[in-house]
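Q: Chain residues, written in single-letter form:
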Amino acid sequence: MKKKILIVDDEPNIVMSLEYTFKKQDFEVFIARDGSEALEILKHQIPNVVLLDIMMPNVDGYQTLTHIKNTDSLKNTKVVFLTAKNKASDIEKGLKLGADKYLTKPFSVKKLVSEILELL
Amino acid sequence: MNNYSLIAIIIIYLAMLFFIAFLAEKKRQSKWVNNPYVYTLSLAVYCSAWTYYGSIGIAANSGIDFLPIYLGPVIAAPLWIVILRKIIRISKQHKISSIADFISLRYGNHRFLGALVTIICLFGTLPYISLQLKAVSETFEIMAGESSYISTTILDDSTFYVALLLAVFATFFGTQNTDASEKHKGIIASVAFESILKLIFFLVIGAYITFYLFDGTSDLYNQMTKTENFKELNTLGGVEDGFNWLFMIALSFLAIFLLPRQFQVSVLENNREKHLKKAIWLFPLYLLLFNVFVIFIAWAGKITFGPESNAEYYALLLPLEYGNTFLATLVFLGGFSAVISMVILSTLALSTMVSNNLIIPYGFLDKFIKNQPERNSKYIKNIRRISIFTIIIAAYFFYISFSKELSLYSIGLISFVIIAQLAPSFFIGLFWNRGSSKAAITGMIIGFCFAFYTLVLPFTLDAYTGTDDFLHYGLFGIDSLKPYALFGIDFLSPPAHAFFWSMTFNIMSYLVFSLISKGNYRERNYAEMFVDSKNFTKLQDSALVWKGEAYVSDIKNVLVRFLGEKRATRALSIFFTKYKLPPDTQLADARLINFSEKLLTGSIGSASAKILIASVVKEEQISLVEVLKILEESKETIVSNKALTEKSKELSQLSTQLKDVNEELISKDKQKDEFLDTVAHELKTPITGIRAATELLMDDEDMPKEIKAQFLKNILQDSDRLGRLIHNILDFEKLETGRLNLDLQYQDLQKTITKALASISQIAAKKEVKIINKNSHTFKTIYDEDRILQVLTNLLSNAIKFCAPKTGIIEIDYRLGNELVEISVSDNGKGIPKEDHDYIFDKFYQSKDQNTRKPQGSGLGLAITKQIVEKHNGKIWAKKDVKGGASLVFTIPFK
Chain U
0 MKKKILIVDD EPNIVMSLEY TFKKQDFEVF IARDGSEALE ILKHQIPNVV LLDIMMPNVD
60 GYQTLTHIKN TDSLKNTKVV FLTAKNKASD IEKGLKLGAD KYLTKPFSVK KLVSEILELL
Chain V
0 MNNYSLIAII IIYLAMLFFI AFLAEKKRQS KWVNNPYVYT LSLAVYCSAW TYYGSIGIAA
60 NSGIDFLPIY LGPVIAAPLW IVILRKIIRI SKQHKISSIA DFISLRYGNH RFLGALVTII
120 CLFGTLPYIS LQLKAVSETF EIMAGESSYI STTILDDSTF YVALLLAVFA TFFGTQNTDA
180 SEKHKGIIAS VAFESILKLI FFLVIGAYIT FYLFDGTSDL YNQMTKTENF KELNTLGGVE
240 DGFNWLFMIA LSFLAIFLLP RQFQVSVLEN NREKHLKKAI WLFPLYLLLF NVFVIFIAWA
300 GKITFGPESN AEYYALLLPL EYGNTFLATL VFLGGFSAVI SMVILSTLAL STMVSNNLII
360 PYGFLDKFIK NQPERNSKYI KNIRRISIFT IIIAAYFFYI SFSKELSLYS IGLISFVIIA
420 QLAPSFFIGL FWNRGSSKAA ITGMIIGFCF AFYTLVLPFT LDAYTGTDDF LHYGLFGIDS
480 LKPYALFGID FLSPPAHAFF WSMTFNIMSY LVFSLISKGN YRERNYAEMF VDSKNFTKLQ
540 DSALVWKGEA YVSDIKNVLV RFLGEKRATR ALSIFFTKYK LPPDTQLADA RLINFSEKLL
600 TGSIGSASAK ILIASVVKEE QISLVEVLKI LEESKETIVS NKALTEKSKE LSQLSTQLKD
660 VNEELISKDK QKDEFLDTVA HELKTPITGI RAATELLMDD EDMPKEIKAQ FLKNILQDSD
720 RLGRLIHNIL DFEKLETGRL NLDLQYQDLQ KTITKALASI SQIAAKKEVK IINKNSHTFK
780 TIYDEDRILQ VLTNLLSNAI KFCAPKTGII EIDYRLGNEL VEISVSDNGK GIPKEDHDYI
840 FDKFYQSKDQ NTRKPQGSGL GLAITKQIVE KHNGKIWAKK DVKGGASLVF TIPFK
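Protein chains in written order, with numbering that gives the first Met the number 0: chain U, 0 to 119; chain V, 0 to 894.
One chain only, chain V, in its complex shape (with noise of 0.2 Å):
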């Protein structure tokens, strides 16, 4: 394929990239570009062109020595949800927008530290980034058929076109906000559309090599097994290789936390915390498909092109020697791909690092001018883009002075080496709060030095002067400090090496100096705020002690100049809204200082944030002691509020049921007062004219003789209704209290209702009223016959009190209906007043508009006959709708 349409082929493939990236952007809250599987795609930026290439290289080389660098990762999966989730939310919280950021902020703002991370980045992600031009330039070159041409100018070099191609696209997708903790959808999600496609070539390439080239994974291994050290390759080699993996998998796990670009995607890109919930088995699901085929086309190629050739471009070179251009495309594409991922994403990351924790903290502050936001804006804009050519232009020269020697393999295992310099401050940091920034950064830089001896300067003095006699005679000729056999060191393979001494002294000395140095307040702070991080979320702003003098306005004059005028007021009235403050507040407390400074974080750093307010208010040292203090009365204060609040509202609520109950108990109160002044009334009605009687007959002796026979006889009436009284009262309240037991029975309501006339018809016939039994029918059902007796002749004699003698006439009746059977007595006489209706069954309850004389009676029949045949679950009402008369109706349910 010649040089012309393999360019054409990669521009078309960047203008479908720039497209997804443009419509992702465009709908940025469309779910296609927010959801779980978007983000675990992206996590798999860390399958970079050294994974495409580089693990067939050593699979070839060392056997199954590549997989460690995968199963990091895959151990590391599963405690995202502890670590991760944490970092996510920190990050979230303070707005921070690098690792760089992270790290200075857990330190309390330390501009230095933030920078010597800055610096370790770059230090570690230059030679990974040239390890892809190296990638992309090789892999070109073989595409191509050039294999022998070199480029003898920059210009001539089709790799730096492609490196500036790829400048552009970070420079245009990851600027477009000064805020850089904002997300950047488009370049997120082609870096998930490009995770699929490599995948799929890989797969595609992978299954055509193993089942159409060859037969099969056995027939592989067949031949495989007759070259040469096979067994070697393939065996773990005793305890020393042992070491080695072990150091290996601790390498790559921390790379997945550490290494710009993962950040960026599973921390500063992350939407929402539950997709990580799908990302721990999906990425290890991944990262193992991405393996399933490299040992067999590292077996290919081997046995294809024997020990000779470039084991690290098998997957093209073998369709390329059968012929099939197209399926190496594909496979050039795929490898293109991850190049674009990694190179895109670790340029942003690392471009927003520069500028925020190296260029604008040191020196940069004073060119922010007052009441230029957008000026500034496009200042901060600049700083990032230029940094990110300068990034790729540095890793390119890079590339052009080292990597061409190097395999991919060793590179990437360099970058991992550096990056993995910052895991103790890192990791220990967030969870053991004593960790204080001189102890961060002590061991940065003696880790840092370390691997620069054992691991950079080998192979930088063999590039430039051409021997290696310091790698056999050590520094000064001393044994003990060859670079690969530190101390005597000898069995671990340079990387390990590296790692095992770099990280043992980085650790040492970060736990020495974290024991002996104590942090200050604001560093202090932090750390709690980081370690602690559950419980100090819902602080939030107060959650940073600070003692000071400050003005709002001076305050707000900083937001100006970075946010506009507009944004700042906003964001200090939605400030002053949240914490229910007046907005012409005059002086600022500890609350708006760590808000201001959060709002500029994503802007310019959370170091230069610091400086920026440090710059305009008057901070005033505070003590450890006070500090830890203040926090943990904040912390208490909101929980006792919040049991407050619980207890405050059970109180309130038992209050309320209280006062419910005593209105009840007082209502009962009541109306048992009522009862019984009313009861003690009618006693003493009947008591008062025996009284009057008697005294009258005792002391008028020459009182006529028939006036003598009516007192007498008002005496007995007046005895009878007292004892009617009582009986119904004493009734009445067993009915009432419930202490009634019925004595169920089968029985039949006919006869019932003919013992119940019998037993009125003597009054019925003194007021010649006329009795009525419509119905002859016999009904048997259950109930207790006494009492519904007495119902039936309350219901009867109250019928013939009401009405006219001689005219009147009552029915009585009964219907079934549906399980239950209704009882009616009606009369035809003056019938009961329609507001009546729901009293009449009140206990003593008299008609107001009974202007006859008060009939005969105790005043609780009615109350009794109700109460009686609720207790056989019955019913009773007045019919509301009679014409001429009064009809009352009662049922019995029955079963």
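Extracted from the complex, chain U is given alone in its bound form (with noise of 0.2 Å):
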């Protein structure tokens, strides 16, 4: 069974590179344009992994994590944050509410891959 990873990101340039990076990944990719848009998808899918920036309109990164924190069904989905902030405290704040790991742009595509895999 394919692997299923859910990207949410406002940037539709740095979606787009994740997308083909994934595919080629052999994953089954979804992507959100925000927090919203990941919890509607999040209602029908279960994916192994979420790809999750922070700064975005309406639900931001932390009110979606903590969403996926407080659902039954999600238990067993990994949460990776990818985000430009990269402050000390902002990457405790992350870690505290429950991500898996916290990354940060800009990234290299080959690392990004692999922390993944070997998150999985």
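Calculated directly from the structure, the hints in this document are not laboratory data. One thing to keep in mind: the hints can contain errors.
Claimed, not checked - Under the rule of at most 25 Å between Cα atoms (straight-line distance), these lysine-lysine pairs were calculated in the BS3-like manner:
| # | chain 1 | residue 1 | chain 2 | residue 2 |
| --- | --- | --- | --- | --- |
| 1 | V | Lys683 | U | Lys109 |
| 2 | V | Lys712 | U | Lys109 |
| 3 | V | Lys91 | V | Lys25 |
The structure displayed is predicted, hence computed values, not measured ones.
From these two lone chains plus the hints, build me the complex, please.
A: Below, the structure written as structure tokens:
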């Protein structure tokens, strides 16, 4: 069975690179342009991993993560933050809320893939 | 005029005075009673019958020698601001009720000193009161036309009854309060009234004699020059006369401060210190007016009656001679007024002294029974009432025995010389803290003895023995002991001579004894308080240094004896509240001792108050050094406390300022942090896109061609975005830090709008949005065209961004307002949510309600726009009541 990944980001150019990368890694890729779209998708899909930006309009990354953590059906879903926010306090906050990994932008595609694969 | 109608006039007049005094007592707070004019007029009690009648006598017989008696007070008046104000302050603070109290308190509540001052005042004032009675009696006789009539018994003498009436008046209004330091407003009001009357009547008679009976001043002068020794009378006779004048001026200078009745009106009855300011010019003016006609009346009398008649009563005799009984009655009433004021105030002042400084401290203290405050205060009042009667009766007998022989003027001077003996301890003690009680006592006694020997003894012996051997040959026939020419000084008039010698020895002994004897600590304590009164008024009750053991309950018992339970309790609770002490305090401190002494001083005098309080406390002796140290310390504490309070106020102000600045800095810092954070985030976004795409392009060789092209396009897009962003950030920073200088030129707004429309026409066309330029007029004003162009482009591209493709319509318009042009850009897009209106111009602000994709932009566009508009002194805002779409408006002011 194909592994599922949900990419949540509001920057189309970045989404395009990520989509291409994970499709090549044989993932089934879902795309959400912000937190609320992500939550909509998560109603029907249980991805193995969610790649989450933080600064997004409406529902932001933290809120989305909290929702995932509070949803029983998603307890096996890993959450990885992928964000430009790289202050120690931001990282701490993200991990405290239950993120499995915290990766910062800009990122190396190869490294990102290996981090995700390692997690799974 | 017969006896009975004269007595009737006197009684009617007295009834009127009673009424005035009664009214004033009833309306104690009214401004009619409390004003500088009443105060000044009450000071004119100085002008007694002596002035009214006696001056004319002197003017007739010795020329202008009557003047020094008024020059002294005139010279003293300007000094009141310094000296009298200090005395008033001290007296108010210590609830002083007489000059005896004042002097004895200065020397540490000295009981004997208070008594001595009282006795000197008695000696000095009794003849003076008798002088007044003499004047009443003699003018009465003149008015009644009975100059030859000699009364055989007291009961037959109308003067006796007049004296009794005066005593009743003084008793009634002078002893209403037990506390003698309370003001006697009734008496003062009637005295002020009488001062007006006596001045007016005197001026009227002066004018009548000078201008009606005679043909003006030059007529009088011409007639007068024809009389004998006119020249000698009206010129100063060389150095010797100069000395006489000097001493007379000095004498009256001292009298205006020291006479018990002057102390009473000028110090004790003073309501407000500022009244002094009026008095210092008004009082000399009063004296001047009083003396205008003196010399002319004297001349007129001399011309009319020749050298034989009694010159002192010219003012009365002249109108009578010309048959003007009405004017004569006015003169009589004026003189009577002068008498009443003087007698009442003098007896009032003396009776307070006699009771508080003589009778109560010497033997009557034990008579005051515990828990019967009403009876005790009755006792005190009765002592004073009896004193008043005794003094007036004594004065009457003095008059019977001596005064009949002497002139008004000489009796007045005897009084002045005796009273002057208080001067050294009074004045020097006020400014020199070394002056001691021993010195004061010695000086006074020695001075008094000299005055007695050189002035009182000669005429007493003369009156009793009938010979003047003593005068001519001196004591035991020794030449240098001649009473009027002591130690060979024979060129002075007897009063000046007595004044000179008594004062010389008085001052010398005061100084010598002050230097060789030191007062005890209490004395030094009060000396400091008096001399340095300015500093110690701030210390208030704590200015008294006291060490020992005392219980509040014991002190309260003493207070209750005189004030009654209710007043004592209230006074103590006020004290406890003032010093923030618990109401159940048991041990008394120095402040309570001082406070209680002050409370009692008004009722029983300072000496008695000290004795009473001392009887219930166990006092320890403190060394002088300790006293001075404690005083210094408490003074310093007050000063440093004040300084500390000020400093701490300053500090707390400073710290609030610092806090504000710090908060501002923190908020600025935070803003800067946030700004940098956001900038970094915004920069990272396109870089992330570029980096990812580039990596994929590099590593993935078998990537389909169309995807490759898309990635390359993305890279290009992100690079452009990055460039734009950097440009905007720099632009914004420049604007915000104010480093941007506008290139202000006269420009055509229409042209600028056209340029803006041209620059965005391509984007608009691409989205098929229609733009309408509504105003086609040209309008020229001053602005930076490049920058306003930037504003317009920003607003237009923003509008395009939020418009729906194809159906979007944008309108640009401008209109002229009051000294400004208002430019608006409106669209029919989705509009701006209400809650965002205040924030859209903040940097990097993004609407929360933006549920579609984030529109492309740096997040700085509107912030930059706002900065540019504000730099032009304009305003920018989003219109609030727009239906369907948004409308952003900005203004550029012009002149």
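Q: Work down the list of hints and note, for each, if the structure agrees.
A: Do the hints match the structure? See the list:
| no. | hint | in the structure |
| --- | --- | --- |
| 1 | V:Lys683 x U:Lys109 | holds, 19 Å |
| 2 | V:Lys712 x U:Lys109 | holds, 22 Å |
| 3 | V:Lys91 x V:Lys25 | holds, 23 Å |
Checked against the numbered hints given earlier, the structure satisfies every one of them.
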